[in-house]
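Asker: In this text, residue positions in the first sequence follow my numbering: the first is 1, and each later residue adds one.
Hint data in this document are derived by calculation from the structure and do not stem from the laboratory. Every residue gets a Cβ at the ideal spot worked out from N, C-alpha and C, and that includes glycine. Wrong hints could be hidden among the right ones.
[Said to hold, decoys possible] DEER-style ranges, computed between Cβ atoms:
{"#": "1", "residue 1": "G195", "residue 2": "D22", "range": "18 to 28 Å"}
{"#": "2", "residue 1": "E248", "residue 2": "P217", "range": "27 to 37 Å"}
{"#": "3", "residue 1": "G89", "residue 2": "E321", "range": "49 to 59 Å"}
{"#": "4", "residue 1": "G89", "residue 2": "R291", "range": "29 to 39 Å"}
{"#": "5", "residue 1": "R81", "residue 2": "Q180", "range": "50 to 60 Å"}
{"#": "6", "residue 1": "V222", "residue 2": "R120", "range": "21 to 31 Å"}
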Amino acid sequence: MRNAEVARLFEDIADILEVQGDSGFRVRAYREAARQIAGLREPIEQVAAAGGLEAIPGIGKAIAAKIDEYLRTGHLAYYERLREQVPPGLVALLQVPGLGPRTAQLLHQELGVESLDDLRAAIAAHRLRSVRGLGAKTEERLARELERLHESARRLPLGVARPVAEQVMAMLGEHPAVLQIEPGGSLRRWRDSVGDIDLLAASPDPEAVMAAFVALPFVREVLSQGPTFTRVLRTDGLGVDLRGVRPEFWGTALHHFTGSRAHSIRLRDLANERGLKLNEYGIFRMDTGERLPGATEEDVYAAVGLPWIPPELREDRGEIEAALAGHLPHLIEQDDLRGDLHVHTNWSDGNAPPERMAEAARALGYEYLVITDHSAGLGVANGLSVERLRAQRQVIDRLNQEYAPFHVLQGIEMEIRADGALDYPDAVLRELDLVSISLHSNLRQDPERVTARALAAVEHPLTDVFNHPTGRLVEKRRGADVDLEAVLQVAARTGTAVEINGTPERLDLDDVWARRATELGVLLVITSDAHSPEGLQSIRYGVMQARRGWVEARHVLNTRPYAAFRAWLNERAAQRERRSASRA
DNA sequence: GCCGTTTTCGGCCCGACTGTTTTCAGTCG
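Whole structure, please, built from the sequences with the hints as guidance.
Answerer: As structure tokens, then:
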């Protein structure tokens, strides 16, 4: 599947056109096409082969032809022409916050700036302030941003942003002028990474909230401050935005700043069709100017004839059509989970003994916990030898007596070796309640080899769950070049479950692939991959990622009560017996 | 660039904040 690659291509085109000063609308068209392609749930090669490109919203004749050309030849003449017209370093200037296409162009024309290094030199020589339209303040601000550029990554992983946001919300929530405080933007939609930390507070006195915000102890620098919007830089280098809104605007404002932009634009279109105007300050009738109620998000959706749509779905990936048709999914909730199927103890690389993990799981209200320490092959994680595996079984047997009716099961997180083989003999695997399989090493194999390895693992008759299928780390490491479409199709056929790993660094499968899995009829599991009792909590990130993928409780194995979960395991075992009997 | 239940041409979201201006352009979300 080359969706991400093709999306990237059109993003690049949009960047270049932007620096060239092309029509903003054309730039937006390319970005919209890129967004649609990135969110596509089928391989774009398949769509193209079936002649369905132009059916994708935002893709017309011209872009469809470009996609065809690129997929067919591996090149796009238009793109290559564009790249010759613009110095490669010029596009990089857009990374600098506060430096947009117009300024990039201006710097190029007036000062010959063609790269970040050129910009640095121009600033050092104080040449920016001589350019008409720029001044000393701009020069100083860009100098600061340049310095900050390498220290701050482009996007923040959700696992970093969410705890920071929750800390700030807790501190500001105590202020008497704050009635309500929520994250906005991709943070509220639980995207796996966020561009910035965006908060929204309801208050009868927004200015007082702004004043309290800039006075918080972690504020290193106030980057911008107005009566309703303030941006600060924390001592840890993270930026936080806060908007203050009056309670009567809460619903429309929260909706506006939750986005996504694509979702909001669609909603405004719907409002226009109904003779309404929708913005952050309310819902207005176009004819009379009368303002309709907008204190809650339900008001906003009701005004355009829709039920409330959960933030996790607001990506314009069909949720508006589903809402119009009355077919919104019944998204899974954390309370639906009856157990965790992927946790580590101090028998491998966890920090707590099995009993503490079991107690923590029980305290979360689970009925069962599957302990899945690493297999021998992952030496760095103190993987279990066969002897230690059997010794651990005795410990787990004892816990079951102690903790009944809570159930502790013994599983394994098995390495797939570079050649596709597993770590233990089949006879040992049969002793385990659940076998889950992972790729941790040799992730950079070429697509054919790594896919073959993954397929072998999924197809192995003793595999129950395929863990974090790509091995990606959010904003840090791109996953292996596994052909996930092929993996999911095989998983659907063999009944092997596929994991949504809730560790916020992983979130693997991601939202788009989780949704694809449900479409293909693949059974999912949502797990914490905890290495400590507190780590069990991170399963909520997995649940939210699943919600972003339209996943319902019925799609997820570990929403089943213990008896049904056990029945599934038994059925897997029975199938294995039948298969090996028929082979023999 | 895309799109169309009044349109195949003429629209395409819009407001806050900043800095450089003498009334507004650029950037961002």
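Asker: For the range 27 to 37 Å, tell me whether the beta carbons of E248 and P217 fit it or not.
Answerer: At 32 Å between Cβs, range holds.
Asker: Take a look at whether the Cβ-Cβ distance between R81 and Q180 falls inside 50 to 60 Å.
Answerer: holds, 52 Å
Asker: Could you see if the CB distance from G89 to E321 stays within 49 to 59 Å?
Answerer: Violated - the Cβ-Cβ distance for G89 and E321, about 42 Å, lies outside 49 to 59 Å.
Asker: At the C-beta level, are V222 and R120 separated by a distance inside 21 to 31 Å?
Answerer: holds, 25 Å
Asker: Range hint 18 to 28 Å: satisfied by the CB atoms of G195 and D22?
Answerer: holds, 24 Å
Asker: At the C-beta level, are G89 and R291 separated by a distance inside 29 to 39 Å?
Answerer: Since G89 and R291 have Cβ atoms about 49 Å apart, the given range 29 to 39 Å is violated.
Figure legend: structure checked against the earlier numbered hints; hints not met, in rising order: 3, 4.
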